[in-house]
Amino acid sequence: MTEPTTPEPPGADVAVPHPVTASIVLGAAVGVFGISFGVLAVAAGLTAAQASAMSLLVFTGASQFAAVGVLDTGGSTVAALGSALLLGARNAAYGLSVSRFLRGRLGTRLLASQLVIDESTAMATAQADPAAQRRAFWWAGGSVFVFWNLGTLLGALGGDAIGDPETFGLDAAFPAGFVALVVPHLRSFEGRVAAATGFAIALLLVPVVPAGVPVLAASVAVLLGLRTPAPGEDDPAAALSAPEPGPASPGGAGADPEGSS
Amino acid sequence: MSWAALLGLAAGCYLLKVLGTVLLGGRELPAPLSRCVALLPAALLPALIAVQTLSTDDRWVLDARAAGVGCAALAAWRRAPFPVVIVLGAAVTAAVRALA
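These protein sequences, in sequence, are chains A and B. Take any residue in the first sequence, count from 1 to its spot, add 38: that is its number in my numbering. Take any residue in the second sequence, count from 1 to its spot, add 5: that is its number in my numbering.
Excised from the complex, chain A in its bound form (with noise of 0.2 Å):
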C-alpha cells in the first residue's frame, strides 16, 4: 500500500462502494426513517416546524429519536437533551476522523461539519484516495441530508403513507450497510483487530451504560494504534489514505464541495 499509483494491489481488491449510487440508496433508507421521526416528534408534542428545524440543526437521527422518544414517555427536557448529546458524542470522533480528508477553507469545513455523522464517514472512510474520500463524504452526507428532511417534513405534516419502517426490515439496512463500508477497513492486521475488540466493546457495555456510551466506547480499540507497526506490515494509516496528491493534481483540496451536493 505504499504506491498511491496502484489502486488495488494485488490480493487486496476489496469492492469499494461506488458513492453516488450508494449514497442514493443509504438516503432512500434514511428518507423512511424521516417519514417515522416526524410522525414520532408531532406525537411527542413538537410542532411541525421543530420537527422540521431539529431535522435541519440538529442533523443526527439517533440523538433526534432520542429526545422525541424520551419527550414522548414523559421525560423532562433535560432528560431529552442528556439522551441526545450521549448519542451525539460519538459524530466527534467521526469529525476527527475526517478531518484527515477534510481539508480547506474554514467555512467549507464548518459547512461539512453539519453534516458528519454515522452514514458520511462510514462512505468517505471506506474510500481509498483522500479526493475519493472527499466527494464521498459530501454525496453521502447531502443525500442523507436531503432525504432526512424530507422524509421529516412529510411525516410531520401527517403524511405517515408507508407505515412502520420495521415491517420492511429497514433498520436492519443500515448495519447491513455498514458491513459493506467496514470491509475495506479489514485489509490491514490493525483494522482487523480494532474492528473486533470495538464490536466486543459495544456489545458487552449494552446492558450496563446509557444509549450512545457503547460506541463511543469503542474508541479506545484504536489505541492498538499506539504499537509501532513492524516493518513491511500493514500500515492502516497508509492503507486507507494514500498520501495527499501533490499541488499539481486536478483532485486536490479545492476541487470539491460545491458542485458535488
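What the hints contain is simulated information worked out from the structure, not anything from laboratory work. Heads up, some of the hints might be wrong.
[Claimed, not checked] Partial list, derived from the structure: chain B residues whose beta carbon lies under 10 Å from chain A:
#, residue
1, Leu12
2, Ala15
3, Ala16
4, Tyr19
5, Leu20
6, Lys22
7, Gly31
8, Val42
9, Leu45
10, Ala77
11, Val90
12, Leu104
13, Ala105
[Stated by the list, open to error] Ranges of calculated distance between the beta carbons of each label pair, as one might list FRET restraints:
#, chain 1, residue 1, chain 2, residue 2, range
14, B, Leu28, A, Gly201, 33 to 43 Å
15, B, Leu104, A, Arg265, 40 to 50 Å
16, A, Ala238, B, Pro35, 21 to 31 Å
17, B, Pro35, A, Val116, 32 to 42 Å
18, A, Glu204, B, Trp82, 19 to 29 Å
19, B, Trp82, A, Leu261, 23 to 33 Å
20, B, Pro37, A, Asp202, 41 to 51 Å
21, B, Glu33, A, Ile62, 15 to 25 Å
Every residue, glycine too, gets a C-beta built ideally from N, C-alpha and C.
Starting from the known structure of chain A, arrange chain B on it as the hints suggest.
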C-alpha cells in the same frame, strides 16, 4: 419541547461535530496518533453494527436483524455491490419477521 431547548440541542450536537472536524482535527499529528485516528472508523463502525443488530434499548436481542445483517455480511464478503448488500439485509430481515 421549547424552541430554546431545541436550539440548545442543535448547538450542542453541532459543537460535538466541530470539536472533531475543526477544534481537534485538521492538524498534523505524530505518526502513532495518526495511526490511532485512522483506526477510528474500523473500531466504531463494527461497534455501531453490533448495537444496531444485536440490541434493543439496553438489552441483547437476537432476532430477524441478525439473519438479515448476517446475509448482508456474506454478500459484502463475496463483493456484492452496495445496493445489493443493503437491500438483501432489509429483505431477509423483513422476510424472517413476516414468517415469525
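Evaluated hints:
| no. | hint | verdict |
| --- | --- | --- |
| 1 | Leu12 | 7 Å, holds |
| 2 | Ala15 | 4 Å, holds |
| 3 | Ala16 | 8 Å, holds |
| 4 | Tyr19 | 6 Å, holds |
| 5 | Leu20 | 9 Å, holds |
| 6 | Lys22 | 4 Å, holds |
| 7 | Gly31 | 4 Å, holds |
| 8 | Val42 | 6 Å, holds |
| 9 | Leu45 | 4 Å, holds |
| 10 | Ala77 | 3 Å, holds |
| 11 | Val90 | 4 Å, holds |
| 12 | Leu104 | 12 Å, violated |
| 13 | Ala105 | 12 Å, violated |
| 14 | B/Leu28 with A/Gly201: 33 to 43 Å | 42 Å, holds |
| 15 | B/Leu104 with A/Arg265: 40 to 50 Å | 47 Å, holds |
| 16 | A/Ala238 with B/Pro35: 21 to 31 Å | 28 Å, holds |
| 17 | B/Pro35 with A/Val116: 32 to 42 Å | 40 Å, holds |
| 18 | A/Glu204 with B/Trp82: 19 to 29 Å | 26 Å, holds |
| 19 | B/Trp82 with A/Leu261: 23 to 33 Å | 27 Å, holds |
| 20 | B/Pro37 with A/Asp202: 41 to 51 Å | 47 Å, holds |
| 21 | B/Glu33 with A/Ile62: 15 to 25 Å | 35 Å, violated |
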